[in-house]
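S.K.: Sequence:
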Amino acid sequence: MNFTQTVKSAIAKFPCNRLIVANELHQSIRPEIPEQIFYKAIGRLADEQAIVRLTTGIYYRPKISRFGAIPISDEEISQHYTQSYNGMTIGYHMYNAKGLTTQIGKKIQILSIRMKESRKNIGNVSITRIDIKPTKEISSVIEALEILQNYEQIEDLNPKALLSYMESFVESYSDDVVNQVLAKRRYKKSTIAFLTAFLQHYKIRNTLNRHLSTMSTYKIPDVEALCESA
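Here my numbering is used: the first residue of the sequence shown is 10, the next is one more, and so on.
Incorrect hints may have been included.
[As the list claims (entries may be wrong)] As a list, the in silico EDC-like pairs of lysine to aspartate or glutamate whose alpha-carbon atoms are at most 20 angstroms apart: (1) K169 <-> D185; (2) K198 <-> D165; (3) K129 <-> D56; (4) K17 <-> E57; (5) K169 <-> E152; (6) K22 <-> E85; (7) K125 <-> D231; (8) K197 <-> E180; (9) K142 <-> E176; (10) K107 <-> E126; (11) K145 <-> D185; (12) K49 <-> E33; (13) K169 <-> E180; (14) K115 <-> D83; (15) K142 <-> E152; (16) K145 <-> D184; (17) K72 <-> D83; (18) K116 <-> D165; (19) K115 <-> E84; (20) K142 <-> D185; (21) K142 <-> E161; (22) K107 <-> E161; (23) K228 <-> E161.
These aren't lab readings, by the way, just hints derived from the structure by calculation.
My request is simple: use the sequences and hints to build the entire structure.
M.R.: Shown next, in the form of C-alpha coordinates:
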(Lines of atoms letter the chains of each structure in order from A and count residues from 1; the text may use other names and numbers.)
(Lines give C-alpha, C1' and ligand atoms only; values in the text may rest on other atoms or scores of the structure.)
Protein backbone atom coordinates (compact mmCIF):
# COMPACT_ATOMS: atom_id res chain seq x y z
CA MET A 1 0.00 0.00 0.00
CA ASN A 2 1.27 3.50 -0.90
CA PHE A 3 0.87 5.26 2.45
CA THR A 4 1.95 8.66 1.10
CA GLN A 5 -0.75 8.48 -1.57
CA THR A 6 -3.32 7.54 1.07
CA VAL A 7 -2.36 10.62 3.13
CA LYS A 8 -2.40 12.76 -0.02
CA SER A 9 -5.91 11.57 -0.84
CA ALA A 10 -7.11 12.35 2.69
CA ILE A 11 -5.54 15.83 2.58
CA ALA A 12 -7.03 16.51 -0.86
CA LYS A 13 -10.48 16.40 0.76
CA PHE A 14 -9.65 19.50 2.80
CA PRO A 15 -10.55 22.87 1.25
CA CYS A 16 -7.58 25.14 0.60
CA ASN A 17 -6.55 27.40 3.47
CA ARG A 18 -8.31 25.31 6.10
CA LEU A 19 -6.35 23.99 9.04
CA ILE A 20 -5.23 20.38 8.97
CA VAL A 21 -4.46 19.09 12.45
CA ALA A 22 -2.13 16.15 11.95
CA ASN A 23 -3.21 14.06 14.94
CA GLU A 24 -6.90 14.57 14.07
CA LEU A 25 -6.21 13.49 10.48
CA HIS A 26 -4.34 10.43 11.67
CA GLN A 27 -7.21 9.50 13.97
CA SER A 28 -9.61 9.70 11.03
CA ILE A 29 -7.61 7.23 8.87
CA ARG A 30 -6.08 5.04 11.58
CA PRO A 31 -5.38 2.10 11.86
CA GLU A 32 -4.79 2.04 8.13
CA ILE A 33 -1.45 3.83 8.53
CA PRO A 34 1.03 3.30 11.40
CA GLU A 35 1.74 6.56 13.27
CA GLN A 36 5.46 6.72 12.43
CA ILE A 37 4.82 6.19 8.73
CA PHE A 38 1.95 8.71 8.79
CA TYR A 39 4.13 11.51 10.15
CA LYS A 40 6.92 10.70 7.69
CA ALA A 41 4.37 11.03 4.89
CA ILE A 42 3.15 14.36 6.30
CA GLY A 43 6.75 15.60 6.48
CA ARG A 44 7.39 14.53 2.91
CA LEU A 45 4.30 16.37 1.68
CA ALA A 46 5.43 19.49 3.53
CA ASP A 47 8.88 19.22 1.92
CA GLU A 48 7.18 18.98 -1.47
CA GLN A 49 5.10 22.10 -0.57
CA ALA A 50 1.88 20.19 -1.12
CA ILE A 51 1.01 21.41 2.37
CA VAL A 52 2.37 24.26 4.48
CA ARG A 53 3.49 23.77 8.09
CA LEU A 54 2.22 26.52 10.39
CA THR A 55 3.48 25.12 13.67
CA THR A 56 4.00 21.72 15.27
CA GLY A 57 1.30 19.37 13.98
CA ILE A 58 -0.66 22.10 12.15
CA TYR A 59 -0.74 22.37 8.34
CA TYR A 60 -2.90 23.65 5.50
CA ARG A 61 -3.26 23.20 1.75
CA PRO A 62 -2.24 26.54 0.21
CA LYS A 63 -4.62 28.36 -2.07
CA ILE A 64 -2.82 29.03 -5.36
CA SER A 65 -3.49 32.09 -7.50
CA ARG A 66 -1.74 33.17 -10.70
CA PHE A 67 0.53 35.23 -8.46
CA GLY A 68 1.46 32.27 -6.27
CA ALA A 69 0.37 30.82 -2.94
CA ILE A 70 -2.07 32.83 -0.82
CA PRO A 71 -1.15 32.44 2.89
CA ILE A 72 -3.84 31.34 5.31
CA SER A 73 -5.35 34.30 7.19
CA ASP A 74 -5.77 34.78 10.93
CA GLU A 75 -9.54 34.74 10.37
CA GLU A 76 -9.35 31.35 8.62
CA ILE A 77 -7.27 29.97 11.50
CA SER A 78 -9.77 31.36 14.01
CA GLN A 79 -12.69 29.83 12.15
CA HIS A 80 -11.27 26.35 12.62
CA TYR A 81 -11.48 26.74 16.40
CA THR A 82 -14.71 28.73 16.69
CA GLN A 83 -17.16 27.38 14.10
CA SER A 84 -20.21 25.33 15.19
CA TYR A 85 -19.95 26.67 18.76
CA ASN A 86 -16.55 25.03 19.21
CA GLY A 87 -15.01 28.26 20.39
CA MET A 88 -15.33 32.00 20.84
CA THR A 89 -13.29 35.19 20.59
CA ILE A 90 -12.24 37.15 23.67
CA GLY A 91 -9.83 40.04 24.24
CA TYR A 92 -9.70 43.23 22.20
CA HIS A 93 -11.38 41.78 19.11
CA MET A 94 -14.37 40.95 21.30
CA TYR A 95 -14.28 44.30 23.15
CA ASN A 96 -14.20 46.11 19.81
CA ALA A 97 -17.04 44.01 18.36
CA LYS A 98 -19.15 44.92 21.40
CA GLY A 99 -18.46 48.61 20.81
CA LEU A 100 -16.62 49.00 24.13
CA THR A 101 -13.42 50.40 22.59
CA THR A 102 -12.00 51.46 19.25
CA GLN A 103 -8.80 49.56 19.98
CA ILE A 104 -8.08 46.23 18.25
CA GLY A 105 -5.31 43.97 19.52
CA LYS A 106 -2.67 42.52 17.21
CA LYS A 107 -3.45 39.03 18.44
CA ILE A 108 -6.79 37.27 18.12
CA GLN A 109 -7.58 35.48 21.38
CA ILE A 110 -9.70 32.34 21.14
CA LEU A 111 -11.20 29.96 23.67
CA SER A 112 -11.96 26.56 22.13
CA ILE A 113 -12.97 23.02 23.03
CA ARG A 114 -11.10 21.83 19.92
CA MET A 115 -7.75 22.40 21.61
CA LYS A 116 -5.91 19.32 22.92
CA GLU A 117 -3.15 21.34 24.56
CA SER A 118 -3.84 23.97 27.20
CA ARG A 119 -2.62 26.76 24.91
CA LYS A 120 -1.21 27.23 21.42
CA ASN A 121 -0.13 30.16 19.25
CA ILE A 122 -0.62 29.95 15.49
CA GLY A 123 0.54 33.10 13.75
CA ASN A 124 -1.33 35.99 15.35
CA VAL A 125 -3.96 33.70 16.83
CA SER A 126 -3.69 32.57 20.45
CA ILE A 127 -5.92 29.61 21.33
CA THR A 128 -6.66 28.47 24.89
CA ARG A 129 -8.51 25.28 25.74
CA ILE A 130 -11.88 25.66 27.39
CA ASP A 131 -13.73 22.78 29.04
CA ILE A 132 -17.28 23.91 28.33
CA LYS A 133 -18.95 24.21 24.92
CA PRO A 134 -19.42 27.94 24.28
CA THR A 135 -23.05 27.97 23.17
CA LYS A 136 -24.71 31.35 22.68
CA GLU A 137 -25.75 31.51 26.35
CA ILE A 138 -22.38 30.29 27.69
CA SER A 139 -20.49 32.68 25.41
CA SER A 140 -22.58 35.60 26.65
CA VAL A 141 -21.61 34.86 30.26
CA ILE A 142 -17.93 34.37 29.45
CA GLU A 143 -17.86 37.64 27.50
CA ALA A 144 -19.34 39.53 30.45
CA LEU A 145 -16.89 37.98 32.91
CA GLU A 146 -13.94 38.68 30.61
CA ILE A 147 -15.00 42.32 30.25
CA LEU A 148 -15.44 42.82 33.99
CA GLN A 149 -12.19 41.01 34.85
CA ASN A 150 -10.20 43.19 32.45
CA TYR A 151 -12.20 46.37 33.02
CA GLU A 152 -9.29 48.45 34.27
CA GLN A 153 -6.90 47.24 31.54
CA ILE A 154 -9.14 47.88 28.50
CA GLU A 155 -7.72 50.89 26.68
CA ASP A 156 -10.12 53.67 25.66
CA LEU A 157 -13.05 51.93 27.30
CA ASN A 158 -16.32 53.74 26.61
CA PRO A 159 -18.21 53.88 29.95
CA LYS A 160 -21.58 54.50 28.30
CA ALA A 161 -21.08 51.54 26.00
CA LEU A 162 -20.15 49.35 28.98
CA LEU A 163 -23.26 50.38 30.87
CA SER A 164 -25.43 49.71 27.81
CA TYR A 165 -23.78 46.32 27.41
CA MET A 166 -24.34 45.37 31.06
CA GLU A 167 -27.98 46.54 30.93
CA SER A 168 -28.52 44.21 27.99
CA PHE A 169 -26.67 41.36 29.71
CA VAL A 170 -28.66 41.47 32.95
CA GLU A 171 -31.97 41.51 31.03
CA SER A 172 -31.34 37.89 30.02
CA TYR A 173 -29.31 36.91 33.10
CA SER A 174 -29.34 33.24 34.01
CA ASP A 175 -27.97 32.20 37.38
CA ASP A 176 -27.78 28.60 36.18
CA VAL A 177 -25.64 29.44 33.14
CA VAL A 178 -23.28 31.64 35.16
CA ASN A 179 -22.75 28.86 37.68
CA GLN A 180 -22.11 26.39 34.84
CA VAL A 181 -19.34 28.68 33.58
CA LEU A 182 -17.84 29.24 37.02
CA ALA A 183 -17.71 25.46 37.53
CA LYS A 184 -15.53 25.09 34.41
CA ARG A 185 -13.58 28.33 34.12
CA ARG A 186 -11.81 30.19 36.89
CA TYR A 187 -12.36 33.91 37.43
CA LYS A 188 -11.12 36.19 40.18
CA LYS A 189 -13.37 36.60 43.19
CA SER A 190 -13.29 40.35 42.56
CA THR A 191 -14.70 39.74 39.06
CA ILE A 192 -17.60 37.74 40.50
CA ALA A 193 -18.14 40.47 43.10
CA PHE A 194 -18.15 43.09 40.30
CA LEU A 195 -20.84 41.15 38.42
CA THR A 196 -22.81 40.71 41.64
CA ALA A 197 -22.73 44.47 42.20
CA PHE A 198 -24.22 45.07 38.75
CA LEU A 199 -26.93 42.48 39.41
CA GLN A 200 -27.75 44.09 42.75
CA HIS A 201 -27.91 47.51 41.09
CA TYR A 202 -30.48 46.23 38.60
CA LYS A 203 -32.23 44.20 41.31
CA ILE A 204 -31.60 40.84 39.62
CA ARG A 205 -31.82 37.86 41.95
CA ASN A 206 -28.76 35.65 41.97
CA THR A 207 -26.78 33.18 44.07
CA LEU A 208 -23.29 34.41 43.22
CA ASN A 209 -22.54 35.19 46.87
CA ARG A 210 -21.92 31.47 47.31
CA HIS A 211 -18.69 31.99 45.35
CA LEU A 212 -17.60 34.85 47.63
CA SER A 213 -16.41 35.05 51.19
CA THR A 214 -18.42 37.05 53.72
CA MET A 215 -15.12 37.72 55.51
CA SER A 216 -13.56 39.46 52.51
CA THR A 217 -13.91 42.91 51.01
CA TYR A 218 -13.32 42.93 47.28
CA LYS A 219 -11.74 45.87 45.55
CA ILE A 220 -14.11 46.62 42.68
CA PRO A 221 -15.27 49.77 40.88
CA ASP A 222 -18.24 51.63 42.35
CA VAL A 223 -21.11 50.44 40.18
CA GLU A 224 -23.49 53.13 41.44
CA ALA A 225 -20.98 55.84 40.53
CA LEU A 226 -20.35 54.21 37.12
CA CYS A 227 -24.05 54.21 36.34
CA GLU A 228 -24.49 57.82 37.44
CA SER A 229 -21.49 59.07 35.47
CA ALA A 230 -22.53 57.25 32.30
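S.K.: Can you name, in rising order, the numbers of the hints this structure does not satisfy?
M.R.: When the structure is compared with the hints, numbers 1, 2, 3, 7, 8, 9, 10, 21 turn out to be violated.
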